[in-house]
Amino acid sequence: MASSILIKNEARLGLKLVAPAIGIIGLLVIYPIFFNVYLSFFDVQLNGSKTFIGLDNYSDLLANPRYYHSIGVSIIYLLGTVIGTTVLGLAAAVLMNQEFHFRNIARGLILLPYFAPVISVVFGWQFIFDPVNGIYNHVVVDVLHLTDTRENLIGNPDSALFVVILFDIWKHFPIAYLLLLAKLQSVPKDLYEAAAIDGQNAWGRFWHVTLPELKFVIATVVLLRIIWNLNRFEDVYLLAPNVETLPIFTYYQAFAGIVDQGGAAAISVIQLLVLVGLIWLYVRKVLKW
Amino acid sequence: MMMNKRTPIQSVILYTLVISLVLFCVFPFLQILSTSLKHPIDWGNPSLIPRVLHLDAYKELLGLMPAKEIDVPASVQRLLDNPALSAEKKQMLLDKFTSNDEVFAFGRYMLNTFTISFVTGIVSTFLASLAAYAIARLRFPAQSLMANGVLFVYMVGGVLLMVPLYQMSVTVGLASSASGTILSLFLIYLIQTLPVAMYMLGNYFRTIPFSLEEAAMMDGCSRVEAFWRIILPLSKPMLFTVFIYCFVIAWNEYLFASVFLKQYQDFQTLPLALQTLFTSKNAIWDRIMAASMLTLLPVIICFMLANKHLSGGLTDGGVKG
Amino acid sequence: MSSVILRNVNKSYGNLPIVKNLNLEVKDGEFVVLVGPSGCGKSTTLRMVAGLEDITQGDIQIGDRAINDLPPHKRNIAMVFQNYALYPHMSVRENIVFGLKKSGADAETIKTKLADVSEMLKLDEYLDRKPADLSGGQRQRVAMGRALARDADVYLFDEPLSNLDAKLRHHMRTEIARIQHQYNMTAIYVTHDQIEAMTLGDRVVVMRDGIVEQVGSPMEIYLQPANTFVATFIGSPAMNLFEAKVDGEELVFDKYRIPATSIANVDLNVLASHDTVLVGIRPDFFEDSALSLQRSPSDNLFAFDDIQVDLVENLGFDKEIMFTLGGENAKARLDLRSHVQRQETISLSVDLNRVLLFDTSTQGMLINAGEV
Numbered sequence: 001m002a003s004s005i006l007i008k009n010e011a012r013l014g015l016k017l018v019a020p021a022i023g024i025i026g027l028l029v030i031y032p033i034f035f036n037v038y039l040s041f042f043d044v045q046l047n048g049s050k051t052f053i054g055l056d057n058y059s060d061l062l063a064n065p066r067y068y069h070s071i072g073v074s075i076i077y078l079l080g081t082v083i084g085t086t087v088l089g090l091a092a093a094v095l096m097n098q099e100f101h102f103r104n105i106a107r108g109l110i111l112l113p114y115f116a117p118v119i120s121v122v123f124g125w126q127f128i129f130d131p132v133n134g135i136y137n138h139v140v141v142d143v144l145h146l147t148d149t150r151e152n153l154i155g156n157p158d159s160a161l162f163v164v165i166l167f168d169i170w171k172h173f174p175i176a177y178l179l180l181l182a183k184l185q186s187v188p189k190d191l192y193e194a195a196a197i198d199g200q201n202a203w204g205r206f207w208h209v210t211l212p213e214l215k216f217v218i219a220t221v222v223l224l225r226i227i228w229n230l231n232r233f234e235d236v237y238l239l240a241p242n243v244e245t246l247p248i249f250t251y252y253q254a255f256a257g258i259v260d261q262g263g264a265a266a267i268s269v270i271q272l273l274v275l276v277g278l279i280w281l282y283v284r285k286v287l288k289w
Numbered sequence: 001m002m003m004n005k006r007t008p009i010q011s012v013i014l015y016t017l018v019i020s021l022v023l024f025c026v027f028p029f030l031q032i033l034s035t036s037l038k039h040p041i042d043w044g045n046p047s048l049i050p051r052v053l054h055l056d057a058y059k060e061l062l063g064l065m066p067a068k069e070i071d072v073p074a075s076v077q078r079l080l081d082n083p084a085l086s087a088e089k090k091q092m093l094l095d096k097f098t099s100n101d102e103v104f105a106f107g108r109y110m111l112n113t114f115t116i117s118f119v120t121g122i123v124s125t126f127l128a129s130l131a132a133y134a135i136a137r138l139r140f141p142a143q144s145l146m147a148n149g150v151l152f153v154y155m156v157g158g159v160l161l162m163v164p165l166y167q168m169s170v171t172v173g174l175a176s177s178a179s180g181t182i183l184s185l186f187l188i189y190l191i192q193t194l195p196v197a198m199y200m201l202g203n204y205f206r207t208i209p210f211s212l213e214e215a216a217m218m219d220g221c222s223r224v225e226a227f228w229r230i231i232l233p234l235s236k237p238m239l240f241t242v243f244i245y246c247f248v249i250a251w252n253e254y255l256f257a258s259v260f261l262k263q264y265q266d267f268q269t270l271p272l273a274l275q276t277l278f279t280s281k282n283a284i285w286d287r288i289m290a291a292s293m294l295t296l297l298p299v300i301i302c303f304m305l306a307n308k309h310l311s312g313g314l315t316d317g318g319v320k321g
Numbered sequence: 001m002s003s004v005i006l007r008n009v010n011k012s013y014g015n016l017p018i019v020k021n022l023n024l025e026v027k028d029g030e031f032v033v034l035v036g037p038s039g040c041g042k043s044t045t046l047r048m049v050a051g052l053e054d055i056t057q058g059d060i061q062i063g064d065r066a067i068n069d070l071p072p073h074k075r076n077i078a079m080v081f082q083n084y085a086l087y088p089h090m091s092v093r094e095n096i097v098f099g100l101k102k103s104g105a106d107a108e109t110i111k112t113k114l115a116d117v118s119e120m121l122k123l124d125e126y127l128d129r130k131p132a133d134l135s136g137g138q139r140q141r142v143a144m145g146r147a148l149a150r151d152a153d154v155y156l157f158d159e160p161l162s163n164l165d166a167k168l169r170h171h172m173r174t175e176i177a178r179i180q181h182q183y184n185m186t187a188i189y190v191t192h193d194q195i196e197a198m199t200l201g202d203r204v205v206v207m208r209d210g211i212v213e214q215v216g217s218p219m220e221i222y223l224q225p226a227n228t229f230v231a232t233f234i235g236s237p238a239m240n241l242f243e244a245k246v247d248g249e250e251l252v253f254d255k256y257r258i259p260a261t262s263i264a265n266v267d268l269n270v271l272a273s274h275d276t277v278l279v280g281i282r283p284d285f286f287e288d289s290a291l292s293l294q295r296s297p298s299d300n301l302f303a304f305d306d307i308q309v310d311l312v313e314n315l316g317f318d319k320e321i322m323f324t325l326g327g328e329n330a331k332a333r334l335d336l337r338s339h340v341q342r343q344e345t346i347s348l349s350v351d352l353n354r355v356l357l358f359d360t361s362t363q364g365m366l367i368n369a370g371e372v
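Taken in sequence, the protein lines are chains A, B and C. The C-terminal residue of the first sequence carries number 289 in the numbering used here, and the numbering is unbroken. The C-terminal residue of the second sequence carries number 321 in the numbering used here, and the numbering is unbroken. The C-terminal residue of the third sequence carries number 372 in the numbering used here, and the numbering is unbroken.
For the record, the hints were derived by calculation from the structure and aren't laboratory data. Being a predicted model, the structure only gives us computed values, none of them experimental.
Listed next, the in silico DSS-like pairs over lysine-lysine satisfying Cα-Cα at most 25 Å (straight line):
id : chain 1 : residue 1 : chain 2 : residue 2
1  : C       : Lys-101   : B       : Lys-236
2  : C       : Lys-102   : B       : Lys-236
3  : C       : Lys-102   : C       : Lys-74
Given the sequences, and given the hints that come with them, work out the whole structure.
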């Protein structure tokens, strides 16, 4: 069946329209992904000079305790942020689905953290946890007398991790909230009425009606949060550069101290494989729902 | 359930929860605003309300402070008075004492950031609208591959590409000049925004009835004219939303800015400059907070304007966050 | 205005044929209605004429231009869409003149056309509104106006009334008929509604499964359907079909023996080659025998006696009665003079000139039922 001129014209127009965008994405995303694999077999300098070293980058990496440490940090970060944003997002969605005065204002206000640029809020958070002036130490030491010493939570990598998690929850729960609220609003009212007639109290209705309805959206939120947070850089680095999640470890390898761009490429290759697995899961499971 | 009359206790619980949640969300903003308006002696004061309103930080950032008297040592003054010295030399000497090291060039960084974010937003929205339209509406080879590819690319973060992208720009020679560096950065911002923009716009275009374009074609419009005269005008709110989204991604970007712009201080963007200011010894809370406030303001205004469509667009689009 | 010629037109999606070898000539100034159940290929045919679907095989010609490879916007066609497809961001006025402006009409022409159209469709007071502020009926009129304002070679209508309620649909049907006569436009009109097809078309094209079953004037289609599909698709309630044995010169079913010789234009030789035939009788052609007594015997009436009435539906002037005949559920439409009651046993007469015979296996019409 010969395709007609009209079909050919449409195809030609289509290709013309996608060409710039796809060209740029191909050149600056797809090509670099493969270039990255290539670079991971070289000792690469900042000025671009390369020496082939085979799998040394990988073996060095797998022998580097800092790498395992950053994987550990990343896992804690992912667990904390994913659970935190999902639970808070769900709570906020249920809360904002109730009727009360000034609901629209409240709904708008809780979106603020998500919309605010990272750079313009991290210093506010720094200040809150500042050992000298911060409200956190004021409350803990002077008001509640939980401890005598003012602590620099962000200065210490171990405690800073929890500040970073809290910050991420604060900043990103609104997106979980938005997705969940949208679904919540589409749950048919008669389901609740039926459950109420069956004698379920509020908690029972939440457990037996709301949660099952939200199951898939919750799964979507969880998977998307993992995918995005695996790559998250700014939110961690700008607030507490001493918290070494994988992206930050990669950044230090590539651009700070003893530069090891090939090593950084190797980390990225491994991380990309994990990511592709997660994306595959997302496409196969979530988008099919 | 929602319609039932609440008992007073339930009401109290509900409002307490709502107020706590809202406070949790806005407290850091209040903290920033408050500190930016406080005099240094007031920082330790846990109250959010400044004892004295202190606007110096804003004045300084916005260049409203009176120029400082140039304090020139007597020895140098004598040199300057020497008529044998050329005017050029004199100026050079003077510059040494008036160098802007201490002054944070907020206006310049703001302008840099605004320019690159604005250009990124415009170009990305434009290119994405073309591509998204084609993918959503036209039939051509590899169309579904591209549609799925966008989703994939959308989820590959910049962090994974920082080494190859940096190496590419070094290899091509872009990293060795200021203009090349800025071009590299702009291209990188494009790829960070294009997939999201394409995804959001593609989903939006699919909601526009196909028959509108068909009607336009019946009315004598070519496919391109139908897109230009019917689809784009209809998509204005979404285009605006996508523009804002792209603008903010570029406005926020720190990673690549730090990699590429480190040695080009004049071209630094706000995130980079603020971070540098913060880590420098003369970190001064009121200035940083005022700068944060000023960085925040345009974004908040944009989102207030786009909020209505944004919430929908984000949830429809699967969402980067 | 121009004629439209479709020659051996085929359309398939992959291996799935949608339109099969379609031939049709729409004459200059003719109003042709494509009718058929959903999925019969009527809309696809219309969209091929418009250029919104490409033609897998065959040719389409408007006037003397071959248009196969012409993009839609160069075909000079106006179209009314089922969902109206009004431009939401333009006022009614802008919607109506959009195509005119595009075609480069001068300001004077645009003004006159707009005035004409808005007067004819009574749109004057809505011109500055946006489509979102109009009712369904008003939107439909704007969609009509947008097409009519154009000086197109051909006007296409894709189920334009199917989204209106019954009363409005009837009103707009009359309007379209009036406008068509006034403009004398070449039009192709797609509908699944047989009443629209009958009332609007100069000619009606009945389609099924991508095949044209019959082309003809509304009365030809009604009185001489080419096969049982057309016979039952057009006309409401649908035509009754009874399977009858051919016994010499008589057609036998149930306890009735119909003299085949009395059926108009019957060819006894053809009949002799069949064991059985399908006898088609429209519900409208039954009469209550009690009321047909005044007719003379030469009227060629046949009476089905001992009909047990199962149900009577009073529709006002008409009443539909349901009964069993030849083992089939059958319907008859009687007028208000008849006082038939449920469970009553009555006699129904039919004018044998109106009775049709179909081939049991091919379902095709067996005889020419004579003059229309």
